[in-house]
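**Student:** Taken in sequence, the protein lines are chains A and B.
Per UniProt numbering, residue 1 is the first one in the first sequence, and the count goes up by one each step.
Per UniProt numbering, residue 1 is the first one in the second sequence, and the count goes up by one each step.
Heads up, a few of these hints could be off.
Derived DSSO-like pairs: lysine-lysine, alpha-carbon spacing no greater than 27 Å straight-line [as the list claims (entries may be wrong)]:
#1 A:Lys20 - B:Lys20
#2 B:Lys115 - A:Lys258
#3 A:Lys283 - B:Lys46
#4 B:Lys51 - A:Lys46
#5 A:Lys51 - B:Lys283
#6 B:Lys221 - B:Lys160
#7 B:Lys46 - A:Lys46
#8 B:Lys20 - A:Lys258
#9 A:Lys283 - B:Lys283
#10 A:Lys352 - A:Lys389
#11 A:Lys51 - B:Lys46
#12 A:Lys46 - B:Lys20
#13 A:Lys51 - B:Lys51
#14 A:Lys115 - B:Lys258
Read the hints as simulated data drawn from the structure, not as lab findings.
Treat the numbers as computed from the prediction; the structure is a model and nothing was measured.
For reference, the chains in residue letters:
2 protein chains.
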Amino acid sequence: MQFASRLDNVETSAIRELFKLLGKPGIISFAGGFPDSAMFDVEGLKEASQKALTEEAGGALQYGATEGYEPLRTQLSAFMKTKGVDVESNGLIVTTGSQQALDLLGKTMISPGDKVIVEGPTFLATIQCFRLYGAQLISAPIDANGVKTDELEKLIAEHKPKLVYLIPTFGNPSGATLSLERRKKVLELAVKYQTLIVEDDPYGDLYFGEAPPPSIMALSKDVSGSRELLAHCGSLSKVLSPGLRIGWMIAPPELLAKATMCKQFSDAHTSTFAQATAAQYLKSGRMPRTLAHVREVYGQRAQAMGAALKRELGDAVSFTQPNGGLFFWARLTGANGKLADANELAKRAIEKLVAFVPGAPFFAEKPDVATLRLSFATADVAKIEEGVKRLGQAL
Amino acid sequence: MQFASRLDNVETSAIRELFKLLGKPGIISFAGGFPDSAMFDVEGLKEASQKALTEEAGGALQYGATEGYEPLRTQLSAFMKTKGVDVESNGLIVTTGSQQALDLLGKTMISPGDKVIVEGPTFLATIQCFRLYGAQLISAPIDANGVKTDELEKLIAEHKPKLVYLIPTFGNPSGATLSLERRKKVLELAVKYQTLIVEDDPYGDLYFGEAPPPSIMALSKDVSGSRELLAHCGSLSKVLSPGLRIGWMIAPPELLAKATMCKQFSDAHTSTFAQATAAQYLKSGRMPRTLAHVREVYGQRAQAMGAALKRELGDAVSFTQPNGGLFFWARLTGANGKLADANELAKRAIEKLVAFVPGAPFFAEKPDVATLRLSFATADVAKIEEGVKRLGQAL
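Bound conformation, chain A alone (with noise of 0.2 Å):
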C-alpha cells in the first residue's frame, strides 16, 4: 500500500517504544506526562454529567455547532476573564483536547516548506503534528527563563516564519516560564515581524506558589496589534479530566473561521455530551476547589523530587525547581566521570526499576543527548523518593 508523502517526515516515536517497558511489575514510572486520576473529582464530573442528561439530553447527545457547544463556550470565556483574558464566547472555538488546536493550526496556516519557530526543547507531539503538514521546524534556545528573546528575534528576521510556537508557561518538556519581560518582547516582536505567535498553555493553571505572570494572550492588552497575531491553546486535561478531550482556542476572527471549517471536515464537533459535561462542571462553582487540590498536591511532589534529586544525584545532575506544571527538566552533567548520555541512563534505570523519558526527542533540531524529563505528576511522596534514590542507583 502507497501512503500519503507527508508520512515520510515522521516516525513514531523513541517515547512510544519506552512505553512498551513501563509494564514491568514493580516499575516506578516519571515517564509519563499526564495527571494523576486519583485527583480527578469523580463525584463532580458524575453530578456535571447527570445534569447534562437531565437538563439538556438533546443538546448533549445531538450534533452541535463546529464552534463548540454554546454554553461550554460561554464557561470557557468566564474561566478565561479570571484569568486575564478578554474574549467573548465567539472569540473562541473548542477542540478535541488542546492537540486538536494544534492540528488545526497545523492544517489552517502550513503549506509544505513553510517554516515554524518552536522552542528547543518543546512538546514532542507538537514536532510531528506540525511535521505532517510539512513544515520545516527551527528550533530557538531557550533557558530558565524560557525562550530567549534575542535570538528568536534572529530567527525571526532570518526564516520568517508562518508561525511560532510557545509553551510559555511550565513548558513540556522543559518545565521553563517565560519572564515577564519576555512575555512583552515577544508581543512585541509579533508587530514588528507581522508574525503570529501561538501560546500553548495547557499547564498555567498548575502552579504551586505565586502565580505565573499573566499569559501572552493576557498581555496582549498592552501591546497594541499584537492580539491580532495570537492564538492561545487551552485544556482542561492537565487540571480536571483529560479523558474528556476538551480544549480550546482563541485566535483572530479569520483565522478562527478557517480553522472551525477545517474542523468541519476533521471530526464535525467535539463531543457534545462530553462538553456539556464540562460546561455543567465550570457552572457548579467546584473548579476552584479542584484546583486548590491539585495545586497542592503536585506542588508537593515537586518539592520531593528536587529534594530528592539533589540528594540522590548531587552534582551529576543540574535543573532548576519548576514552581508549577507536571515535569523536571534535568541535564546529565558528566561531572565525575558519571554518565552523561541520557539515553544509556534510561536503559539502566529500566534494569533498576524506575523510568523516565531521555530528552533528546524533543528537539526538533540539535538534540542534546544529556537531558532528560522526569515527572512527579503520578507518583506518591513515598515512590518519588525510592524511584529517585533507584535512579541514582542506576547512575
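Chain A is fixed; fit chain B onto it per the hints.
**Tutor:** Okay, now just chain B, sitting in the frame of chain A:
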C-alpha cells in the same frame, strides 16, 4: 494572514448558508442530516455514563490509547460480528465520529494530486475532507442500485485512484443501496486493480423492512485477497447518539497503524469518557431494543414522506422509496412545465416555510441541479405531510 495553500481547494458549503435560514419561526425542515433527538435513549445513556464513572473512573477520565479504549473496542468487535464481520478488537480503531475516520484516511493515504473516486452524488463532507488533502475527485454514476460497477471499472482502469469511497447502504444523499451482485463486483475490482475500497456505513443498521445485503466488509470473506484492500467505517451517530462522537474504522493492519499514528497527532485519542459510556451502553444489552425503535419510527416517516410526495407533487418529481437511512433523493422532472431547478425551488420553499437541501453540492463533478435531498428523520408524520404539502405549493 496567509493561510495554507490546501485551503484554496475548499469553500464553506452553500448548505451551511442555507442552514442559517432554518431559524425562521414555523419552518418545517427536511434539510438536516441528523437523527431525531426524541429517539435518544437518554435513560440508558445516563445509566451507562454513571456506571462508567463508578466502575472505571480512572480509565474513563484519564488519557487513553490512541487506538481506542479497550472495553469499547471489544464491544464494537462483538457488534460487528453480529453483522457478519469477523474482526478482533485490535483490528479496529475508535475514531471521533466516522468523520474522523475519513479525515485519517485522507491524511494517511492522499498526497496532493492523488485521484479518488466517489459516488455522484456523495456525502458533502467527504468531498471537502479529501480535497483538503489535495485529492482530485472523480464521480462514478449511480442508480437506484448504487454505483454502476461497469462505469466504476472503467474509471478505475483509467484513473488508477488512490482509493474508491462508497456509501453502499442507504447512501447519503442518494438513499440508494448497492445490490448484492454489485457488492461482489466491487470486491473483485478491488483485487483486480489492487485498489483500496472505503466502505462508509453509518446507516446500515437503520433498515425498515428486510435487512440490506451484508456489508462489503462482511462479503469480503468470499473474495480472496479483498479484505486486505478494504476499509470500513462505522458509527453510533445515527442509531444511538451523534453527540458521543463515536465512530470506528476497520482496515488492514498496516493502514490501521499509519492511521493511528496520524490520529495521535490529530486529537491524541477519542474522549475516553464517551468511549467508556458507549462501551457500557453496548454491554447493557439495550442496543437491540433501541435499534428496533428507531427502525420502526423512521420507517413510518419514510412511508409517510413517500406517500405525500406522490400525492402532492405527482409526476413533477421522480424518486425511489428508500428502505432505510434518513433520506429521500428526488429529481424534479420538469413535467408539465413545472420547475426543474432545485436551487430555485429551495428559495421558494423557504418562503412557504419548508426547507430541504438542493442536490447539486453533493456532486464532486457535473452537478445535477434538478436533484434534491429530503430528510424524513426529524419531523413527525403530521409535519411531514404538512411540509410536503407546502413543497407542492412552492412548486
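**Student:** Please go over all the hints and tell whether each is borne out by the structure.
**Tutor:** Status of each hint after checking the structure:
1. A:Lys20 - B:Lys20: Distance of about 49 Å is beyond 27 Å: violated.
2. B:Lys115 - A:Lys258: 25 Å, holds
3. A:Lys283 - B:Lys46: 20 Å, holds
4. B:Lys51 - A:Lys46: Cα-Cα ~10 Å, so holds.
5. A:Lys51 - B:Lys283: Satisfied, since the Cα-Cα distance of roughly 23 Å is no more than 27 Å.
6. B:Lys221 - B:Lys160: 24 Å, holds
7. B:Lys46 - A:Lys46: 10 Å, holds
8. B:Lys20 - A:Lys258: 18 Å, holds
9. A:Lys283 - B:Lys283: 32 Å, violated
10. A:Lys352 - A:Lys389: 10 Å, holds
11. A:Lys51 - B:Lys46: 10 Å, holds
12. A:Lys46 - B:Lys20: Outside the cut-off at roughly 35 Å; violated.
13. A:Lys51 - B:Lys51: 15 Å, holds
14. A:Lys115 - B:Lys258: Roughly 25 Å separates the two Cα atoms, so the pair holds.
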